[in-house]
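Letter by letter, the chains look like this.
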Amino acid sequence: QKEVEQDPGPLSVPEGAIVSLNCTYSNSAFQYFMWYRQYSRKGPELLMYTYSSGNKEDGRFTAQVDKSSKYISLFIRDSQPSDSATYLCATSNSGYALNFGKGTSLLVTP
Amino acid sequence: DGGITQSPKYLFRKEGQNVTLSCEQNLNHDAMYWYRQDPGQGLRLIYYSQIVNDFQKGDIAEGYSVSREKKESFPLTVTSAQKNPTAFYLCASSAWDWGAEQYFGPGTRLTVT
Numbered sequence: 001q002k003e004v005e006q007d008p009g010p011l012s013v014p015e016g017a018i019v020s021l022n023c024t025y026s027n028s029a030f031q032y033f034m035w036y037r038q039y040s041r042k043g044p045e046l047l048m049y050t051y052s053s054g055n056k057e058d059g060r061f062t063a064q065v066d067k068s069s070k071y072i073s074l075f076i077r078d079s080q081p082s083d084s085a086t087y088l089c090a091t092s093n094s095g096y097a098l099n100f101g102k103g104t105s106l107l108v109t110p
Numbered sequence: 111d112g113g114i115t116q117s118p119k120y121l122f123r124k125e126g127q128n129v130t131l132s133c134e135q136n137l138n139h140d141a142m143y144w145y146r147q148d149p150g151q152g153l154r155l156i157y158y159s160q161i162v163n164d165f166q167k168g169d170i171a172e173g174y175s176v177s178r179e180k181k182e183s184f185p186l187t188v189t190s191a192q193k194n195p196t197a198f199y200l201c202a203s204s205a206w207d208w209g210a211e212q213y214f215g216p217g218t219r220l221t222v223t
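Protein chains in written order, with the working numbering: chain A, 1 to 110; chain B, 111 to 223.
This is chain A alone, in the form it adopts within the complex (with noise of 0.2 angstroms):
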């Protein structure tokens, strides 16, 4: 079993909608969780960064982490356009193992 799971997509939003980015993992022990975005042909931008479980916002952007389901979350309010990207998760427990998803594609028409 992979370590972190992440449904590929792609998944295509209207403008405005809310939109939500999955991921499940496996090892109880991670307690960092990261959510990246990737535009094509670039590197990943570090988006949201989540300790043990609880939500965190920034913006139009939330994060949610469920320890106890092994869960992590990325919510996009009002999605723009400009939002359309690969989102990737990635987890820790430790300071240099990042394992990451394989990323889900997101279309966001105007």
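FYI, nobody ran anything at the bench for these hints, they're computed from the structure. All C-beta atoms in this analysis are idealised placements derived from N, C-alpha and C, irrespective of residue type, glycine included. Hints should not be assumed to be uniformly reliable.
Pairs of lysine-lysine residues, derived as DSBU-like cross-links and limited to a Cα-Cα distance of at most 30 angstroms, are as follows [claimed, not checked]: (1) Lys56/A / Lys70/A; (2) Lys167/B / Lys70/A; (3) Lys193/B / Lys124/B; (4) Lys42/A / Lys124/B; (5) Lys193/B / Lys42/A.
Residues from chain B shown here face chain A by an in silico Cβ test under 8 angstroms; the list is partial [to be verified]: (6) Gly150; (7) Gln151; (8) Phe214; (9) Pro216.
Model the placement of chain B on the given structure of chain A, informed by the hints.
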């Protein structure tokens, strides 16, 4: 501007040739990493370095080599022993701390024919 630079952006090589990818950071980060990304796959760790003159193998180190002579620089050599070298290569850096956030460079797309 603080950040991570990778060069070149695109690289083409003939099979059997070694090639070196450059990565430089001015974030004063102790740790640096090399990942490989293939279509439909997540990022896979090739090598990482916590400190100058020290580095560790990641999950897919075979066919690759690195050096860390300066804190700012972590070049990756793709050798002829790497069976499928064509990929998108990403360099990252972080503070050396538990759960430290990793920041990525723009990537180098290597094509070997």
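Do the hints match the structure? See the list:
Distance restraint check for Lys56/A and Lys70/A: the Cα-Cα separation of roughly 17 angstroms lies within the 30 angstroms cut-off, and the hinted pair is therefore satisfied. For the proposed pair Lys167/B and Lys70/A, the alpha carbon gap of about 28 angstroms is at most 30 angstroms, so the pair holds. Taken as a hint, the Lys193/B and Lys124/B pair is honoured in the structure, with Cα atoms around 13 angstroms apart against an allowance of 30 angstroms. Distance restraint check for Lys42/A and Lys124/B: the Cα-Cα separation of roughly 24 angstroms lies within the 30 angstroms cut-off, and the hinted pair is therefore satisfied.
Pair hint Lys193/B plus Lys42/A holds up; C-alpha atoms about 24 angstroms apart against a cutoff of 30 angstroms. Interface hint status for Gly150/B: upheld, as the beta-carbon distance to the closest one in chain A is roughly 7 angstroms, under 8 angstroms. Hint on Gln151/B holds. Least Cβ distance to chain A is approximately 6 angstroms, under the 8 angstroms limit. Hint on Phe214/B holds. Least Cβ distance to chain A is approximately 4 angstroms, under the 8 angstroms limit.
A distance limit of 8 angstroms between C-beta atoms decides the matter here; for Pro216/B the minimum to chain A is near 5 angstroms, and the interface restraint holds.
Checked against the numbered hints above, the structure breaks none of them.
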